[in-house]
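Undergrad: Listed here are the chains, written in short residue letters.
There are 2 protein chains.
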Amino acid sequence: MNPVIELLRRHRSIRSYTSEPVTDDMLEAIVRSAQMASTSSNVQAYSVIAVMNPDTKRALAAVTGGQRHVEQCPVLLVWCADLRRDRLACAKEGTDMVSDTMENFVVATVDVALAAQNAAVAAESLGLGIVYIGGIRNDLREVTRLLKVPELVFPVFGMCLGFPDRDSSVRPRLPVRAVLHRETYADDGQAEAIDEYDRTMRDYYIERTGGKRDTTWSKEMADKFARPVRDYLRDYLEEQGFRFDR
Amino acid sequence: MNPVIELLRRHRSIRSYTSEPVTDDMLEAIVRSAQMASTSSNVQAYSVIAVMNPDTKRALAAVTGGQRHVEQCPVLLVWCADLRRDRLACAKEGTDMVSDTMENFVVATVDVALAAQNAAVAAESLGLGIVYIGGIRNDLREVTRLLKVPELVFPVFGMCLGFPDRDSSVRPRLPVRAVLHRETYADDGQAEAIDEYDRTMRDYYIERTGGKRDTTWSKEMADKFARPVRDYLRDYLEEQGFRFDR
Numbered sequence: 001m002n003p004v005i006e007l008l009r010r011h012r013s014i015r016s017y018t019s020e021p022v023t024d025d026m027l028e029a030i031v032r033s034a035q036m037a038s039t040s041s042n043v044q045a046y047s048v049i050a051v052m053n054p055d056t057k058r059a060l061a062a063v064t065g066g067q068r069h070v071e072q073c074p075v076l077l078v079w080c081a082d083l084r085r086d087r088l089a090c091a092k093e094g095t096d097m098v099s100d101t102m103e104n105f106v107v108a109t110v111d112v113a114l115a116a117q118n119a120a121v122a123a124e125s126l127g128l129g130i131v132y133i134g135g136i137r138n139d140l141r142e143v144t145r146l147l148k149v150p151e152l153v154f155p156v157f158g159m160c161l162g163f164p165d166r167d168s169s170v171r172p173r174l175p176v177r178a179v180l181h182r183e184t185y186a187d188d189g190q191a192e193a194i195d196e197y198d199r200t201m202r203d204y205y206i207e208r209t210g211g212k213r214d215t216t217w218s219k220e221m222a223d224k225f226a227r228p229v230r231d232y233l234r235d236y237l238e239e240q241g242f243r244f245d246r
Numbered sequence: 001m002n003p004v005i006e007l008l009r010r011h012r013s014i015r016s017y018t019s020e021p022v023t024d025d026m027l028e029a030i031v032r033s034a035q036m037a038s039t040s041s042n043v044q045a046y047s048v049i050a051v052m053n054p055d056t057k058r059a060l061a062a063v064t065g066g067q068r069h070v071e072q073c074p075v076l077l078v079w080c081a082d083l084r085r086d087r088l089a090c091a092k093e094g095t096d097m098v099s100d101t102m103e104n105f106v107v108a109t110v111d112v113a114l115a116a117q118n119a120a121v122a123a124e125s126l127g128l129g130i131v132y133i134g135g136i137r138n139d140l141r142e143v144t145r146l147l148k149v150p151e152l153v154f155p156v157f158g159m160c161l162g163f164p165d166r167d168s169s170v171r172p173r174l175p176v177r178a179v180l181h182r183e184t185y186a187d188d189g190q191a192e193a194i195d196e197y198d199r200t201m202r203d204y205y206i207e208r209t210g211g212k213r214d215t216t217w218s219k220e221m222a223d224k225f226a227r228p229v230r231d232y233l234r235d236y237l238e239e240q241g242f243r244f245d246r
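As given, the protein sequences belong to chains A and B, one line each in that order.
Per full-length UniProt numbering, the first sequence starts with residue 1, numbered consecutively.
Per full-length UniProt numbering, the second sequence starts with residue 1, numbered consecutively.
Just so you know, these hints were derived from the structure itself, not from any lab.
Incorrect hints may appear among the rest.
Copies of the same chain look alike in the list, so a pair counts if it fits in one copy or across any two.
Pairs of lysine to any residue, SDA-like flavour, derived with a Cα cap of 25 angstroms [to be verified]: (1) Lys-92 - Asp-195; (2) Lys-219 - Thr-64; (3) Lys-148 - Leu-7; (4) Lys-212 - Pro-3; (5) Lys-219 - Glu-71; (6) Lys-212 - Arg-12; (7) Lys-219 - Asp-231; (8) Lys-219 - Asp-24; (9) Lys-219 - Arg-32; (10) Lys-148 - Asp-231; (11) Lys-212 - Met-1; (12) Lys-212 - Ser-40; (13) Lys-219 - Pro-54; (14) Lys-92 - Met-26; (15) Lys-219 - Asp-165; (16) Lys-92 - Asp-139; (17) Lys-148 - Tyr-204.
Quick caveat, the model's predicted, so the values are computed rather than measured.
Go ahead and model the full structure; you've got the sequences and the hints to work with.
TA: Shown next, in the form of structure tokens:
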């Protein structure tokens, strides 16, 4: 263990912030750290929109189903997969960009996630708390309207930034053997690892809620995946100019 | 600046390794750090396959077009978007998992990227060097065969791990103003930022190659995006059980 690994291992989502602002110097240090993440063939296929305007944060909080921290955080970062700048670079050279492949969509989506995770680590190293906001995908057409998101840009998730008002607990993860395979992928032992994690998470929920929440990871997953959610996403992405035929 | 941000800002890909092994303790610390990254609604929709077998690494190096570091590194991690474990959890509860949405594909692809970037940071904090290997996507059917990758699992990228044999330079990134937008997405200034970065990268390539490589970022992007690459990917993903109709 070292201080960096200790920082990574201490991560927990923060959903309540003090009124202390995130300075512009902090924001720039965070974004510059994000930019140093690896990027596929240097395409740097991402952008980030820093939202501080209270009206915009309120409107985005509504998109997420009323998550109060989206409104309350001093800065909401909206992380976008972005092939638009690469298209500009191609145009500068007189080249029509090929943007209509699953490969390019995956490249941009991975690129933005790598950058965002570096940002999360940098922010936490500065004493800030963060939480990823997948809930912006509830209504990306509204997000697109609010943030004037143009063609070939896909807002993938938000991230609240702010100084933690109260701490929260570190949530246990799956046993490492469930996630780490050796030499080849093996289903052996997955069922037992899930059983073990179900017991861990049941204890965790019970302790955290004084017995009010009695559930397991498998029950949470069964509930989450029983119905399709956000099933307009493919149509939205096509509206933004992404294509998935090949 | 602090030591964590300094570590992030010092990142450069390492493609040549000493013979010093990556110990099992290191590997476990790295994967446990990866697991602490944020994950959408705790789905933890990823797996990682640690490949050390020389024959497998050689075969995977061939897939990447002969990248020698893929064979030479002591450990190659293959990071997979993975909805399979979530399906097992659903099955345990008697629920048929809905896995056929773009949303679930995006969730799993983002989840694995966040985890992998934490792994990269943890590895570098231990003095290891890393390089992401998008080249495994050259032929995922072969990767699937070699690593026995089952349904609902998508190997997104590899990552070489090892102690650096020689250092390499930190590659400049786009000006921060190209990537960071305020309140709304703005195209203003993108062309100028690209021009500035083209000059920076031209100087960087010339200095690094003693004048042999005279190119710009825009030229590199125009070259990269002029033709479709890996345009079998959508078909492959459907073979693995992913769907994109909604």
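Undergrad: For Lys-219 vs Arg-32, is the C-alpha pair at or below 25 angstroms within one copy, between two copies, both, or neither?
TA: between (40 angstroms within a copy, 24 angstroms between copies)
Undergrad: What label fits Lys-212 with Ser-40 when the C-alpha limit is 25 angstroms: within, between, both, or neither?
TA: For Lys-212 and Ser-40, the Cα distance is within 25 angstroms only across copies (23 angstroms; inside one copy 46 angstroms).
Undergrad: When Cα atoms must be at most 25 angstroms apart, do Lys-148 and Tyr-204 count as within-copy, between-copy, both, or neither?
TA: neither (42 angstroms within a copy, 34 angstroms between copies)
Undergrad: Indicate which option fits the pair Lys-219, Asp-231 if close means a Cα-Cα distance not exceeding 25 angstroms: within, between, both or neither.
TA: within (22 angstroms within a copy, 38 angstroms between copies)
Undergrad: Checking an output row: Lys-219 and Glu-71, CA cutoff 25 angstroms. Within, between, both or neither?
TA: neither (30 angstroms within a copy, 42 angstroms between copies)
Undergrad: Go through the copies and call it for Lys-92 and Asp-195: within, between, both or neither, with a Cα cutoff of 25 angstroms.
TA: The answer is between: 9 angstroms across copies meets 25 angstroms, while 56 angstroms in one copy does not.
Undergrad: If the cut is 25 angstroms between Cα atoms, do Lys-212 and Arg-12 qualify within a copy, between copies, both or neither?
TA: Classified as within: same-chain Cα gap 21 angstroms, cross-chain 48 angstroms, threshold 25 angstroms.
Undergrad: Up to 25 angstroms between alpha-carbons, please classify Lys-219 paired with Asp-24: within, between, both or neither.
TA: Answer is neither; intra-copy 43 angstroms and inter-copy 33 angstroms both fail.
Undergrad: Checking an output row: Lys-219 and Thr-64, CA cutoff 25 angstroms. Within, between, both or neither?
TA: within (23 angstroms within a copy, 40 angstroms between copies)
Undergrad: Measure nothing new, just compare the shortest in-copy and cross-copy C-alpha distances for Lys-148 and Asp-231 to 25 angstroms and report within, between, both or neither.
TA: within (22 angstroms within a copy, 30 angstroms between copies)
Undergrad: When Cα atoms must be at most 25 angstroms apart, do Lys-92 and Met-26 count as within-copy, between-copy, both, or neither?
TA: neither (33 angstroms within a copy, 45 angstroms between copies)
Undergrad: Is it within, between, both or neither when you check Lys-212 against Pro-3 at 25 angstroms Cα-Cα?
TA: neither (36 angstroms within a copy, 42 angstroms between copies)
Of the numbered hints listed earlier, those contradicted by the structure are 3, 4, 5, 8, 11, 13, 14, 15, 16 and 17.
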